[in-house]
Every structure is written in structure tokens, then in C-alpha cells.
Amino acid sequence: MLEVIDLHVNYGGITALRGINLTIEENQIVTLIGANGAGKSSTLRSIMGLVPKSKGQVLYKGEDFTNLPTKDIVGRGIAMVPEGRRVFADLTVEENLILGAYTRSDHKAVANDIKSVYDTFPRLQERSWQKAGTLSGGEQQMLAVGRALMVNPKILMMDEPSLGLAPLLVKDIFDIIELLRQRGNTILLVEQNARKALEIADYAYVLETGQLVLEGPGKTLLEDQRVQEAYLGVAR
Amino acid sequence: MGDVSIFLQHMTNGVSLGSLYALIAIGYTMVYGILRLINFAHGDIFMLGVYLTYYGVTYTSLPWWLVFLLAPLLTGIIGILLERVAYKPLRGSARITILISAIGASFLLQNLGIVIFGGRPRAFPVPQMLNHVVRVGGVSINFVTFIIPAVTILLLLGLTYFTTKTKTGLAMRALSKDYETASLMGIDINRIISITFFMGSFLAAIGGILWGSRYPQLMPLMGSMPGLKSFIAAVVGGIGNITGAVIGGFILGLGEIMLVAFLPRLSGYRDAFAFVLLIIILLVKPSGLMGDKVTEKV
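Heads up: the protein sequence lines correspond to chains B and X, in order. According to my numbering, the stretch in the first sequence is residues 875 to 1110, in order. According to my numbering, the stretch in the second sequence is residues 57 to 354, in order.
Heads up, some of the hints might be wrong.
What the hints assert, rightly or not - In silico DMTMM-like pairs for lysine to aspartate or glutamate, Cα to Cα no more than 20 Å straight-line:
1. B/Lys1045 <-> B/Asp1076
2. B/Lys927 <-> X/Glu236
3. B/Lys1005 <-> X/Asp234
4. B/Lys945 <-> X/Asp348
5. X/Lys223 <-> B/Glu968
6. X/Lys221 <-> B/Glu968
7. X/Lys233 <-> B/Asp987
8. B/Lys1028 <-> B/Asp946
9. B/Lys1005 <-> X/Asp348
10. X/Lys221 <-> B/Asp980
11. X/Lys233 <-> B/Glu957
12. X/Lys223 <-> B/Asp987
These are computed hints drawn from the structure, not numbers from a lab.
The shape of chain X in the complex, shown without the other chains (with noise of 0.2 Å):
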């Protein structure tokens, strides 16, 4: 009964973990679709998400939950203007440029969070109502640890509706497979990268949120460690693919969380855990679980 329990709990926290992690890698794997490139600063992103939502809370009088809706719409716009200024005048050239770019917007973003924000930590300002114990059987778990779930769920779900019932949604998955035909359509390319970004970031911000209920401590360098991971979880997935970014991300919850409970001997390796996950998923099949066959296309 014990055992079960124990493991219940992990679970919990595995899953919790997992949904972060996929709420991250769903705008690494949605701006690749779109750009063929990895974003490096989206780490960076989800970091602006929490220090804005901290912000929000601790500087205005605006009750938690609108700020926790607010934040990350304005991450949101962020992410729009991180591709207007980073990305979108290199388009068209070689892309190694773009990603160089890329790294060097995550580097931006990282020292100037260190300017404005500062080095030291910081407390997360998480709500009352999330952050209590709740008691399930014979298993203490945090409620946020629910919550998680939860909401990912729902924005999976809302994410769902958006690719496969709105035309834009369609445009959107028109424009990965085929950039040309799909401007024959008159598609605005630039819109829809737009939303594309929008949605990555506000999707990360919201998995920030979520992160810094958890895990309190706002650093200006806390996106780098959850950004690769998460980019990880979108390549495990097969990068380019949201579902395939969803399975990734639990694949690296659960395994992290049981790797340090059942092996508390390798527990210093945590993070070693998802770079070994990468190096042999690129080993075996580097498409990715759900990933298309890799093409290049011409």
C-alpha cells in the first residue's frame, strides 16, 4: 500500500514535470514547423513570462489571475517582436545565420534580464489558493502539482481546435509543408508566422507561470536549463510535430522524476538524463517518435 502510494506521488510530479516540459517544447516544435529553426531565445522567453508575471503580482494592485492571464499575453507579444527583430530580416538567408541569430537573442535576453532584474533570486509571488497541501489516501501533494496537468490539458485541447478546425490553424499547418502553394492560397505568410510565435511564447509563459508555482525561485537565467530540455522533449517527439512535443515532454518528466526516486544513487545525474534520452534517440530515430521522414524541401 505504501509503495503504491510513494509511487502515486511520483507519478504526480512526474506528470506535473512532464506538462512543463510540454508546454515549453509545443513553441520550439511549432516555430521549427514554421521556420526550420530552433529558437534558441524560447527558453528565454519563458523566463520573461515568469519575471513579468512576478512583476504583475508584486507591483499592481491587479488581483493574481488577471495578471497570470495578462502576462502571458504579453509575452505573447514579446515572441512577435523577438521574430520581427531576430528572425525576420534574415529570412531568405543561409540558416545557420537565423540560428546564430537565435543564440545571440537568448544571450540578449539572458544579460539583459540580468541588468534589468537583477542576478539575485527572486520569490515567486505564488497565490494561496494553489499553493496548499492537499491529501490524497495516504499521499501529501501539492495542489499546483494538479494543476498543472490540468491546465495543460486544456490548452492542449484549445491547441487541438486551433490546428484542425480554424483556417488559420490550416494555414499554419499549410505553411510547414509548403511555403509557396501555400502563399498561391494568399496566405500572409508574415501573419501567420506571427501568430506562431505568439502562441509558442504565450504557451511558454503560461508553462512559466506554472514553473514558478512549483519551483519559486526566479533567476534571469532559469529558462536556459527548462528551454534545452524542453527542446529536447520536441526533438524526442520528432521536432515539427505538437503531438510528438507533448509525448516528448512526459517521456522527460516521468523519466527524470523515477530516474532520481528509483535511483536515488544517480540522482546527480538528473539532468544528464534528457541530454543521454537525446543522444540516443539521434542514434536510433532521429526523425523523432512522431516525426515525418526527415526531406529537405527545395
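Next comes chain B alone, as it looks inside the complex (with noise of 0.2 Å):
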């Protein structure tokens, strides 16, 4: 469904991506996981279009993506949850979520979505005419998640959802990715969470230093001696 071939991003000098391959299949869950500055979130980003790439392409069913404007990315049906949840703190809990439909012009569809989105998190809907800025953490975080759900997205990348959050709400958050999952949603999620992320994952990927050096489903890396030593925290 969504290709990345050959990958390389550069920023002012500093290389974050040297050359990485993914491929995301309709439906699954795929995951990226490494260390801080391993190039994660600038794979999410380059493909969003936030950054430029510097080589590389993106194909998403064939149709060749790479060069395209966010703002078309998003058209197209790919939607991200931002790293740090950044909602529009000084508009509504609906006005951030109308604004996650600003592509579409299905006016009776989007006013369904909103309704479902308050079905999936109802703490938003007794929130709906507060400023985003007053919701706690996790209630930021799911009127994020419900934001880019507006966007009626074919796929939904996620950058590090979980953090910042108490235990109990990363488990509330991976099971809303599991209940995306089961509607139809395609995911790709960045974690640092590795356990979490590779329990849920259909496939997943380990990036060092801008580069893949590991693959596969996710009950396998979760096995895997390698994966365990550098993010599981199990010692030999």
C-alpha cells in the first residue's frame, strides 16, 4: 500500500536517513522502533512532506508521492498524530477536531466522524466546548489521535503516542491502535515504547543511526537476542 524506497533526509548537514526501505501492507500495523535520534520521527516527517528528502521516493498504491505537498499527502488519506500531541490549544476540543476534517467537504460524513470520535473517546465529547489547551495529557492525546481520525484516513502514522503518559493510559492508547486497527485503519506507529510496540505489530522495523538494520513481524523481534538486548532492557 505505501511504499518508501531508498529513503535520505539531511538537514542543513546532518544526515538523518541514509537509505531506508519500508513497506506497509493495507491493514496491518507496522512499527518503528530504535533509540532517540535514530531517525524515526524523520521518516514520519519525510513522508508527510514536512521535511525534504534528499533522495528517495514514496509510492503509495503505485502513485508516486514524493514530491507531492503536505497538504495533498493529507488529501490523499495519510494522516499523522504529531510527536507531542500538538493540539490547538487556544480553539475547542470540536474546533480542533473540525479542523482534522479541513480536507474533506462531505459535511453530513464529517458530522458522523465527530460523532464517532466522541463514541471512541467520550471524555472528549463532556470536553467538546473547552479550550484544548485546559485537557489534561491523555485527553490531549486522544483529541490528537481523534483529529487525524477526521481526516478519514486510509493510513495513520503516529509518532511516539505514548509518551508522557501514565501506564494506564499507554495502555488505553495501544488498545485504541488495536481497535483502529480492527475498523480497517492502516498504522504506522513510531514508539520508543519497543515492547508495547512490537505486541501489537504486524511487522516492524529497528532504525540505528538513519539506517534499518533489522526487519521483521513483531513476535519475532520481540525474540529476537538482538532486539531484546538494546530495547527490552534484558540482559544476557
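Using the hints, put the two standalone chains together into the complex.
Have a look at this one:
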């Protein structure tokens, strides 16, 4: 469904990615794990067109997305939940959701989708007229996910959705990711919580200093000795 | 009784002048909100709006009210072009670079004005309908003095509706807070920026027309002082904040008129009032009356 071929990214002299290849199949959860600075976020951000690619290609259903501006990538149904939630603090919860549907003109379906986001996250409905900045961290994360869902995305990219959340909320977030997959979404998940991510992932990639060093089904990587030592804190 | 009516007369004048500053200040503040740029050419856009109206009324057979509508629309388009030519190519460069470009654009417009319109002052063709004196109680007031705040309030209501109830308005508010996340919503940033410049320039031109109806002398450099003062109004109110710009405009307009009215010995310092106010605000509350805390975006 989504294919990333030989992707290179440089930021002003610093090389963030040096040629990575990813394949994301429909209705799968694919995860990207790795240490801080390994290039996980850069991968998502360059797929979304937020940072320029210095080399490589992004194909979506055979169509070349490499040089598409962000707004058009979103318009074709790829949404991203950015790292650190980044909700619009001055806007209400509902206004945040409306903006999530910015590219859509099917008003009825949008209204329905707002309802279904509220069904998934009842807390958001209770606070629909509150400014997003007044929400707790967990609620803001739910809003960020709900807002991305308003794109009606075929592929949802999530950048560190569990970062900074209490353990109970982390579990909630992963439950939601599984739920989304059951509903037919395709998910590309970047996570520092490698164990949780590998547990739910159909397929996983391990990034180290801008290169892929390992890949395989999530369950397989959970058993892999190198992964265990480097990312799961299992002593040899 | 006489004192009250004189005070009311000054009030009306102050509110009227304040409305004009507010209309121009909104353009500064909107552009700043989106681009973090002080659009120094904004005062000259105001001037262009007045001249376009002058030429439209004087040299075409169009009815004045139609010109009063078309000229701001055209000025809005000039605003879009200004951004495309002078600012867009520099997007992503250091802020000081774009600021210098803005100052350059201002000089360019002023000098083009001198070349094209001529340096000789011209008289603004004030429509009969606006240009008569109304007597209220013991006070005689030019009718346009009433029209100015009325038009301003209508435009402000429209603007408030736009920014709070429309999707484009929401997008504008989102963009002013977080570029990257706004683009992740699929917002076309260039389009929103163009709309912002259009609206700011449109309002400046309306302000210009009203200004011309009140002070009917046109000069190519006429935009610089009102522009500067409206910029101060925007800073006093808290730059980036539309309500703040309006409040700042009224403070400036009322303050200026009242200073002249009640301290006539200081009337020579009329223009200085704005700058003193600016200095005080920058010392006491640099973020302005309604401003957010100043935080650098990462």
C-alpha cells in the first residue's frame, strides 16, 4: 500500500536518514523502533512532506508521493498524529476536530465522524466546548488521535503516541491502536516503548543512526536477542 | 451643559479616529499573527486604497459607492501581490531579511506613488451624502464622524464571525499558532496567507476611504504616519491579537484627541503621544494589553 524506497534525509549538514526501505501493507500495524535520534520521526515527517527528502521515493498505491506537498498527502488520506500531541490549545475540542476534517467537503459524513470520535473517546464529548489547552495530557493525546481520524485516513502515522503518558493511559492508547486496526485502518507507529509496539505490530523495523538494521514480524523481533538486549532491557 | 456637549464632541472625534487606527491595525496584527512579520508596507497599502478610490471616483463614471467597494477589493489583491513578490520568496529566511524586504516594499510603494500620482496633494472626492454637518444637541458634527465607527463595528462583527465560525477562519487561527500541525490538517498555507493579506489590505483601504472622507487631502506619503500609529496601536493591544488591535486603536485615537482638547499647550506633541504610549507599553507590558506571553516557536 505504502512503499518507501531508499529514503535519504539531510537537515542542514546532518544526515538523519541514509537510505531506508519500508513496505506497509493494508490493514497492518507496522512499527518503527529505535533509540533517540535514530531517525524514526524523520521517517514519518519526510513521508508527510514536512521535511524535504534528499533522495528516494514514496509510493502510495503505485502513485508517486515523493514531491507532493503536505496538504495533498493529507488530502489523499494519510494522516499523522504528531509527536507531543500538538493540539491547537486556543481552539475548542470540537474546533480541533473540525480542522482535522479540513480537506473534506462531505459535511454529513464529517458530522458523523465527529460523533464517532466522541463515541470512541467519551471524555472528548464531555469537553467538546473546552479549549484544548485545558485538557490533561491523556485527553490531549486522544484529541490528537481523534483529530487525525477526522481526515478519514487510509493510513494513520503516529509519532510517539504514548510519550509522557501515565502507564494506564499508555495501555489505553495501545488499545485504541488495535481498535483502529480492527476497523480497517493501516497504521505506521513510531514508538519508544518498543515492547508494547512489537506486541501489537504485524511487522516491525529497527532503525539505528538513520539505517534499518533489522526487520521482521513483531513477534519474531520480540524474541530476537539483539532487540531484547538493545531495546527491551533483557540482560544476556 | 456646554462642557458636556464639548466633551461629547471630542469623544465622537476620538472614537472616529480610533476606528480608523483600529481598521489599519487589524492588518498589521493579522499578518504578524500568521507570518511573525511587521508588514511595514501596510501604511502604503492604505495610501494606495485612497488613491485608487480617488481615481475611480474622479475618472470613471461609476457611482461613488461602487468605487468605495471596488477599490478595497483591488487593494486587497495588491496586498496579495505584495506578499507574493516581496515576502513569499523569502519565506524560511531569517526574520530580519523579510523585515528589510518589508521596509523596501514600503519605500518602493511610496516612491512609485510620487512618480505615478505626483507629489502634489489632491483633494479626496467626498460624496455629498457623507459630507454634511449634523447638529445633535448643541454639538455640530460632520456626518462622516458617525459613519466611521458604524462601518468599523460592522466590519469587526464580520471579521469576528469569519475567524470564529468559518473553516478558513479556524485554519487561520490554527496557522498562527502552529504551522506544521496546521499543514498536517491539510491546510493550504499559501492560500491562508493570501487571504490574510487580502483581508488586511481590504480593511486598510476601507480605513483609507473613511480617512479621506474625514481628512480629504491625498499625498503619496500620507500612509506613513497613520501606518506607524496603527502599528503602535497593534503593539499596545498585543500584536497578533485582533481584539487587542481594536482596543489599541481606540486608546490611541481617543488619547490623541483628548490630549489636544484638554491640554492644548501640548497639541504640538500630538504625534508624540503615540510614541510615548509605545515606549510605556514596551517598558511595562511588552506583550501588549491582550497579548499572549511572548514565547518563541521552535
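Hint check results:
{"no.": "1", "hint": "B/Lys1045 <-> B/Asp1076", "result": "holds (18 Å)"}
{"no.": "2", "hint": "B/Lys927 <-> X/Glu236", "result": "holds (16 Å)"}
{"no.": "3", "hint": "B/Lys1005 <-> X/Asp234", "result": "holds (16 Å)"}
{"no.": "4", "hint": "B/Lys945 <-> X/Asp348", "result": "violated (28 Å)"}
{"no.": "5", "hint": "X/Lys223 <-> B/Glu968", "result": "holds (12 Å)"}
{"no.": "6", "hint": "X/Lys221 <-> B/Glu968", "result": "holds (12 Å)"}
{"no.": "7", "hint": "X/Lys233 <-> B/Asp987", "result": "violated (25 Å)"}
{"no.": "8", "hint": "B/Lys1028 <-> B/Asp946", "result": "holds (14 Å)"}
{"no.": "9", "hint": "B/Lys1005 <-> X/Asp348", "result": "holds (15 Å)"}
{"no.": "10", "hint": "X/Lys221 <-> B/Asp980", "result": "holds (18 Å)"}
{"no.": "11", "hint": "X/Lys233 <-> B/Glu957", "result": "holds (16 Å)"}
{"no.": "12", "hint": "X/Lys223 <-> B/Asp987", "result": "holds (17 Å)"}
Checked against the numbered hints given earlier, the structure breaks hints 4 and 7 and satisfies all the rest.
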